[in-house]
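Asker: In order, the protein sequences belong to chains A and W. For the first sequence, the numbering used here gives the first residue as 154, with consecutive numbering after it. For the second sequence, the numbering used here gives the first residue as -3, with consecutive numbering after it.
By construction, these hints were calculated from the structure, which means they are not laboratory data. Don't be surprised by glycine CBs; every beta carbon is placed ideally from N, CA and C. Do not take every clue at face value.
Keeping only pairs whose Cα atoms sit at most 30 Å apart, straight-line, the calculated DSSO-like set for lysine-lysine is [unchecked claim]:
| id | chain 1 | residue 1 | chain 2 | residue 2 |
| --- | --- | --- | --- | --- |
| 1 | W | K386 | A | K426 |
| 2 | A | K426 | W | K363 |
| 3 | W | K49 | W | K79 |
| 4 | W | K175 | W | K304 |
| 5 | A | K426 | W | K381 |
| 6 | A | K171 | W | K386 |
DEER-style ranges, computed between Cβ atoms [to be verified]:
| id | chain 1 | residue 1 | chain 2 | residue 2 | range |
| --- | --- | --- | --- | --- | --- |
| 7 | A | W455 | W | G378 | 36 to 46 Å |
| 8 | W | V92 | A | N204 | 41 to 51 Å |
| 9 | W | S321 | A | Q457 | 46 to 56 Å |
| 10 | W | V136 | A | G361 | 27 to 37 Å |
Sample of chain W residues facing chain A (criterion: CB under 7 Å; computed from the structure) [to be verified]:
| id | residue |
| --- | --- |
| 11 | P257 |
| 12 | G346 |
| 13 | L347 |
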Amino acid sequence: MSVSANSPKPSLRAFLAKYSVLIAFAAIVIFFALTSPTFLTPANLFNVLVNNVVMLAIVALGLTIVISSGGIDLSVGVSVDMASMVFVMLLAAGYSGVVGVGGGLGAALVVGILNAILITRLNISPFLATLGVLFIGQSTQQLATSGGQPIYLTSGYASDQFNAIARTALFGVPTPVIVLIVLSIAVHVLLHRSVFGRYVQAMGAQPGVAWYSGIRVPRELSMVHVLCALLAGVTGILLSATVKSYVPLSGNAFLLDAIGATFIGTTLSRERKPSVVGTLLGVLLLAIVKNGLLLVGWNFYWQQVGIGLLVFLVLAVSFGLRRATH
Amino acid sequence: MQTAKREIAVSMSNISKRFGPVRALENANLEIVRGSILGLVGQNGAGKSTIIKVLAGIIKPDSGTIVINGETVTALSPASVEKLGVHFIHQDRLLVPTATVGEAVFLGHEIGFGPFVSRRAMERRAADLLQRFFGLELPVGTLVKDLTTAQQKVVQITRALAQKASVLVLDEPTAALVKREVDSLFDVLRRLRDDGIAVVFISHYMQEIEKLCDRVTVMRNGTDVGTVDPRETSVEEIISMMIARDVGEMFPKRSVTLGAPVLEVANLRLGGGFENIGFNVRAGEIVGLTGLLGSGAKEIVQCLFGLKTADGGLIKVEGRELSLSTPVKAVRDGIAMLPEDRRAHGVALGLSVRENISLASLRRYSKSGLVSRGSENQAVDGLIKELSIKTPHRDALVRELSGGNQQKVAIAKWLSCQSRVYVLDEPTVAVDVGAKVEIYNLLNRLAGEGAAILLLSSDLLELVGVCDRVLVVYRGRLAGTFSGPSMNSDALLAASSGARPDADGVAA
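Please put together the full structure from these sequences, using the hints given.
Answerer: Here it is as structure tokens:
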């Protein structure tokens, strides 16, 4: 094996520490494959991918950018919901799918800009700023839907528009999956190859150094929050198109899973930095565990316990071993 | 043990310690005497922190004997050392920020009944002790995080005294203090010495050692090379003991022909900071800037980098008038800044050497928004070699580098920008002597290549050794410009204190 000259002697512990996510992933796949006959069937895996992975992953991509910058966005659920609400309302009013999507993304953009203003102009910490937006966003939805009435558009023109997004495929690959692949590549390039990404990493590592290096920190930080909200907005569109409705406050379900996936992903990096590859692995891991537990007959509440244990296990093993190797 | 003089509190002899192949200590000796302040100096890696950690019970020596208060001790632990009356004030303050002063002073030795802590009693006793030892009056219930760094040091010392310390070891206690705070800390230490406490003072600042210590033990390469009286031995001699080479080399000589003015400042004014400041820095020139805390010298430097916006006046770089309201503009206009707080503003410890060096100049190495790793690597490798930055490879984290090499990374960042003006804010703070010399050499080379350099420093020897000219700021105004033979540390000191030795102009 040809390794670079100054790479350290590989030790088992270091290997385990670095690849704990992958190992956990493999172990879980094998476990469910053995315990559930339907788990490894193409139909089930396809279902997991389309229903459990795509939407969560897109929200998590946005959070990966924000967490890389040293911040957090607790209002991603609001961005999802606002995009979903405006999209569905526009279709209900008879506008075209293109206008609906544009309007939905515009609504998410507004959430992102609001976050950006609170954080960079009013100097409120990202945690508190986005928490405030989360509260406001939730109430806004309830006010706009007379206390949280869902809007269903299951037939007719709107339904066709939904199907055009959620039920089409290119070369056999469903459109939402293609959207995820395109966005993943775009965010990967942005975060790990572009000048903007480098600035984001610098702000995350040491904001003072970024400022003293002549980086326009407020502008870059605004961009970070706008991008995150827009990505969450994409999920809002896909969600509505899939369930053919707008259900108020449904976006929040993504928040904690997306944060969890991003942090599971950080175990891939020596410096525990978020990365697109790590985040996608984290999302896959969560989705497979949820699906597998369902198949072996655990109910929803036990799934949450299972996921909690998994997050603990992966993080504890990775960090514990790393500390020991140091 | 009746004699008041030369009563030995701690005697460490022939201490050796190896870490793998590295010899950290080799037959090192240290003698700490009651009623006396011992300075402990040496370059980074000379073994001074290792021998202190041995005494603190943190590191177990391979061989050697330690005698504390006449008793030979084996198997020291941090707790048993404290019981013997030896206390350590570590460099990083180890106080709980949200604790009150009383809680901090009695941390680990709380006053109370059984499991209940009497907060009121602790606050009262702490206030008593602070008043008695240091004449320091703080409102009852003051939180640690609301104290100045100097007050936190005092609280730490009070904690040691509350536990009847007989030996007090301070590791770089002045690193985060301003001049006035240093003076009051020194008064405290002298008072403790007069009360018979043995004080050990570790510092990089030779002027402090000279001012404060009764004896100085110099360490080099893991052993003590001598103990001298600073009143009889000059700072230059002590430094040459530390580095085993002539201190004349410390400030390398250079000869540069000065070019046209690169940085021109006229009538610069900042409310509450300074006024009527005007000076030029020519290509190839190193101009020093100094002043006491609150004199406005620091604020001048901040205005030149857009960290503060001047209320009026003119800043020109290469004849072009600038409006500097943010560092973004300053960097674009070719001004480089080496900030005083390296870890907060100079280098990002969690990023690699490469990412740090290219951070301010990424646009040079990018095409349509994407970083071109090839040209970035090439430039970074070139700078690592040029500045002889000691790093395993370009992707090593800056955290893994020594202080001096971190500073070189911070300088390399601006070389990569090809800045024209370098503004340096205390560039050699907490950098060992060897790395200092390298930084001075680097400044000389930058100047030689035609850069204009403004060096803000409170190290007067450094200013005299490095600069062509030194500007002294006193109470927000230029109090004088010194060059040639008139530029000596006595003159600079006199001018910065308003030619009155006891100037009280620190409250701006």
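Asker: Given a hint of 27 to 37 Å, does the C-beta separation of V136(W) and G361(A) actually sit inside it?
Answerer: holds, 35 Å
Asker: Given the range 41 to 51 Å, decide if the beta-carbon distance of V92(W) to N204(A) lies inside it.
Answerer: At roughly 48 Å between Cβ atoms, N204(A) and V92(W) fall inside 41 to 51 Å, so the hint holds.
Asker: Hint check: K426(A) vs K363(W), CA-CA at most 30 Å. Holds or violated?
Answerer: holds, 25 Å
Asker: Are K171(A) and K386(W) close enough, with their CA atoms no more than 30 Å apart?
Answerer: holds, 27 Å
Asker: Hey, does the P257(W) contact hint survive, CB to chain A under 7 Å?
Answerer: violated, 23 Å
Asker: Holds or violated: K426(A) and K381(W), Cα atoms, limit 30 Å.
Answerer: holds, 28 Å
Asker: Determine whether the Cβ-Cβ distance between S321(W) and Q457(A) falls within the hinted range of 46 to 56 Å.
Answerer: holds, 51 Å
Asker: Taken at face value, is the distance from the CA of K426(A) to the CA of K386(W) at most 30 Å?
Answerer: holds, 25 Å
Asker: Does the Cβ-Cβ separation between W455(A) and G378(W) fall within 36 to 46 Å?
Answerer: For W455(A) and G378(W) the Cβ distance comes to about 58 Å; the hint is violated.
Asker: Please work out if K49(W) and K79(W) have their alpha carbons no farther apart than 30 Å.
Answerer: holds, 16 Å
Asker: Take a quick look at whether K175(W) and K304(W) sit within 30 Å of each other, Cα to Cα.
Answerer: holds, 23 Å
Asker: Please check whether G346(W) passes as an interface residue: C-beta within 7 Å of a C-beta belonging to chain A.
Answerer: holds, 4 Å
Violated hints for the displayed structure, listed by number in ascending order: 7, 11.
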